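J.: One-letter residues, chain by chain:
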Amino acid sequence: MMNTGYDIEINGLGVRHNNSWVLRGFDLKVLPGEKVALSGPSGSGKSTVLKCVMGLVEPQEGSISVQGRALNAHSIWSLRHQLAYVAQEPDLGTGTPRQALESAFAYKANVGLRDNLKKLPVLAERFKLSESLLDKESVSLSGGEKQRFALVAALLLERPIILLDEVSSALDKVNKQVVVDFIQEAVDTTVVSVAHDPDWLSFAERVVHLDIKANIPEVSDE
Amino acid sequence: MNEVVDIGFWSLTAAYLMLIVPLSILFYMRVPIIKETCWSLLRMTLQLLFVGFYLQVVFRLNNLWLNMGWLLAMVGVADVSILRGCHFDLRRFAMAMFVALFAGTLIPLLAFTGVLIDRPNLLDAQYVIPLAGMVLGNCLRADIIGLKNFYEGIKKSEKAYNQSLAQGASLREALHPYFRDALHAALLPTVASMATIGLVSLPGMMTGVILGGADPLTAIKYQIAIMIAIYTGTALTVFLAIRLTTNNSFTHYGLLDHAIFKGRAKISG
Numbered sequence: 001m002m003n004t005g006y007d008i009e010i011n012g013l014g015v016r017h018n019n020s021w022v023l024r025g026f027d028l029k030v031l032p033g034e035k036v037a038l039s040g041p042s043g044s045g046k047s048t049v050l051k052c053v054m055g056l057v058e059p060q061e062g063s064i065s066v067q068g069r070a071l072n073a074h075s076i077w078s079l080r081h082q083l084a085y086v087a088q089e090p091d092l093g094t095g096t097p098r099q100a101l102e103s104a105f106a107y108k109a110n111v112g113l114r115d116n117l118k119k120l121p122v123l124a125e126r127f128k129l130s131e132s133l134l135d136k137e138s139v140s141l142s143g144g145e146k147q148r149f150a151l152v153a154a155l156l157l158e159r160p161i162i163l164l165d166e167v168s169s170a171l172d173k174v175n176k177q178v179v180v181d182f183i184q185e186a187v188d189t190t191v192v193s194v195a196h197d198p199d200w201l202s203f204a205e206r207v208v209h210l211d212i213k214a215n216i217p218e219v220s221d222e
Numbered sequence: 001m002n003e004v005v006d007i008g009f010w011s012l013t014a015a016y017l018m019l020i021v022p023l024s025i026l027f028y029m030r031v032p033i034i035k036e037t038c039w040s041l042l043r044m045t046l047q048l049l050f051v052g053f054y055l056q057v058v059f060r061l062n063n064l065w066l067n068m069g070w071l072l073a074m075v076g077v078a079d080v081s082i083l084r085g086c087h088f089d090l091r092r093f094a095m096a097m098f099v100a101l102f103a104g105t106l107i108p109l110l111a112f113t114g115v116l117i118d119r120p121n122l123l124d125a126q127y128v129i130p131l132a133g134m135v136l137g138n139c140l141r142a143d144i145i146g147l148k149n150f151y152e153g154i155k156k157s158e159k160a161y162n163q164s165l166a167q168g169a170s171l172r173e174a175l176h177p178y179f180r181d182a183l184h185a186a187l188l189p190t191v192a193s194m195a196t197i198g199l200v201s202l203p204g205m206m207t208g209v210i211l212g213g214a215d216p217l218t219a220i221k222y223q224i225a226i227m228i229a230i231y232t233g234t235a236l237t238v239f240l241a242i243r244l245t246t247n248n249s250f251t252h253y254g255l256l257d258h259a260i261f262k263g264r265a266k267i268s269g
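The listed protein sequences correspond, in order, to chains A and B.
Just so we're aligned: 21 in my numbering is position 21 of the first sequence, and the numbers increase by one with no gaps anywhere.
Just so we're aligned: 71 in my numbering is position 71 of the second sequence, and the numbers increase by one with no gaps anywhere.
Derived from the structure by calculation, the hints contain no laboratory data.
Bear in mind the structure is a predicted one, so any value in this text is a computation, not a measurement.
A virtual CB, placed ideally from N, CA and C, is assigned to each residue, including glycine.
Among the clues, some could well be false.
[What the hints assert, rightly or not] Between beta-carbon pairs, the in silico distance windows are:
1) B:201 / A:99: 37 to 45 Å
2) B:45 / A:102: 34 to 42 Å
3) A:99 / B:258: 25 to 33 Å
4) B:176 / A:81: 14 to 22 Å
5) A:139 / B:40: 37 to 45 Å
6) B:80 / A:139: 36 to 44 Å
7) B:181 / A:102: 39 to 47 Å
8) B:188 / A:29: 52 to 60 Å
9) A:70 / B:176: 44 to 52 Å
10) A:108 / B:31: 57 to 65 Å
11) A:72 / B:72: 35 to 43 Å
12) A:108 / B:64: 42 to 50 Å
13) B:84 / A:60: 28 to 36 Å
14) B:248 / A:212: 30 to 38 Å
[To be verified] List time: in silico DMTMM-like cross-link candidates among lysine to aspartate or glutamate, alpha-carbon distance up to 20 Å:
15) A:118 / A:158
16) A:146 / B:152
17) B:159 / A:91
18) B:159 / A:137
19) B:155 / A:91
20) B:156 / A:89
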């Protein structure tokens, strides 16, 4: 595929789950450095879009390309190195947040980024995560703390494209603003975010609305 | 040392009479397992009678191919019972499990009969059949623990697993923590039984060798060797079982294919 200049290009995306379409005929083009928000009622497939780009859901229809490379079973493994993803309710796994953050740098693909871990204290402070939280058991953290740690994990990897799924859902107003400011400062980073909260939408340069009815044709062609 | 004393037909019948004791207790206490007990006793008797007669033939002929056939049949039965016990899709895992069980049983077994007791016939029925049964039985138990732990572990923390893929892990890197934990869980019972052996109870093999008229010192040497064979076999079989089944249970994107869980097929979204 030719490099079209888009960081993410989605054409006619369709995902079926339990015999019904969660998403269908969805298109999206995101320029490098652009901040895009996906909004829409729950069940409109916003999260599914991000998971498809991340290769965590395999679509039945349509195509996705990331930085001009078509996403498929072969390319996904290297495309993931261009992407960072923060899940809606992140699971930091067993152990402490510090272990969770460090584990990602043990992967062969990220070994060269190990020095980024030095930025951890600064980032943690920025997101109002105290040093002591780093060595607590992850399971004992609040939803908001987990979300901010997951965000820190994503930022430490310094990927050019960041996908955020309802990252604001467990954050209070102050913390939300911290995250919004941070994203706005990251001029070169492409951000696609799922949100239905007006504070959160404020950072977006463009809001793409997903609708349940608009996406799924009444008549199934199966 | 004395040769083992055979039990006569009427003596064995007398042994059945001893069952009056437990059955009376069950009846007196109204414990509702009398029917099950009788059914299990019947099954035990018939199965063992069959195996006894069959083994008599196998031992008399002591034919390499017949012994090998017996080994393959035992592995086959173990294979099916593991996959049934774990509710996994038989067709997908059967071949991988067969290889894992066969290698886990045969390799320590050949070391036992070939090197340790130096039999000219590597598959001598007198040694191969009881030893294979012990190693295989342990492999079976270890594989059930290992496979269940591995796949259920990933399913339970699928979000964290997917997140490791999202962070750029290769399939092997993403699976590693679950693989490690599954191996740990599967080997733990054997490690624990090695540590308490001889203190809590006399192991079956030692009892057998002693009953067979051997010196207790010979018996413990056999017991040590079989424990090492079992540990080697279980480590090998669990490693192979997980390693070989992963080829077939993750999508090309590295996602867990839920279709491996029989009857619970579901696509996560």
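J.: The structure should be examined with respect to each hint, and the outcome stated for every one.
T.: Taking the hints in turn, this is what the structure says about them:
For the pair residue 201 (chain B) and residue 99 (chain A), the beta carbons lie near 40 Å from each other, so the given range of 37 to 45 Å is met. For the pair residue 45 (chain B) and residue 102 (chain A), the beta carbons lie near 60 Å from each other, so the given range of 34 to 42 Å is not met. Under the hint 25 to 33 Å, the C-beta atoms of residue 99 (chain A) and residue 258 (chain B), about 28 Å apart, fit the expected range. For residue 176 (chain B) and residue 81 (chain A), the hinted distance range of 14 to 22 Å is satisfied, since their beta carbons lie about 18 Å from each other.
Against the hinted window of 37 to 45 Å, the Cβ-Cβ separation of residue 139 (chain A) and residue 40 (chain B) comes to about 43 Å, which satisfies the hint. Between residue 80 (chain B) and residue 139 (chain A) the beta carbons are some 38 Å apart, a value that agrees with the proposed interval 36 to 44 Å. Remark: the range hint 39 to 47 Å for residue 181 (chain B) to residue 102 (chain A) is contradicted by a beta-carbon distance near 18 Å. Between residue 188 (chain B) and residue 29 (chain A) the beta carbon distance is about 53 Å. The supplied range of 52 to 60 Å therefore holds.
Under the hint 44 to 52 Å, the C-beta atoms of residue 70 (chain A) and residue 176 (chain B), about 29 Å apart, miss the expected range. The hint said 57 to 65 Å for the Cβ distance between residue 108 (chain A) and residue 31 (chain B), and at roughly 59 Å that hint holds. A hinted range of 35 to 43 Å for the beta carbons of residue 72 (chain A) and residue 72 (chain B) is consistent with their spacing of about 41 Å. One distance hint, 42 to 50 Å for the beta-carbon pair residue 108 (chain A) and residue 64 (chain B), holds here, with the actual separation near 47 Å.
Between residue 84 (chain B) and residue 60 (chain A) the beta carbon distance is about 32 Å. The supplied range of 28 to 36 Å therefore holds. A beta carbon spacing of about 36 Å between residue 248 (chain B) and residue 212 (chain A) agrees with the range 30 to 38 Å that was offered as a hint. For the hint linking residue 118 (chain A) to residue 158 (chain A), the alpha-carbon distance of about 13 Å falls within 20 Å, and the restraint holds. For the proposed pair residue 146 (chain A) and residue 152 (chain B), the alpha carbon gap of about 24 Å is over 20 Å, so the pair is violated.
Between residue 159 (chain B) and residue 91 (chain A), the direct Cα distance comes to roughly 6 Å. Compliance with the 20 Å bound is thereby established for this hinted pair. At most 20 Å may separate the alpha-carbon atoms for a hinted pair to count; residue 159 (chain B) and residue 137 (chain A) meet this at roughly 17 Å. Distance hint between residue 155 (chain B) and residue 91 (chain A) is fulfilled; the C-alpha atoms sit about 13 Å from each other, no more than 20 Å. For the hint pairing residue 156 (chain B) with residue 89 (chain A), the CA-to-CA distance comes to about 15 Å; that is within 20 Å, so the pair holds.
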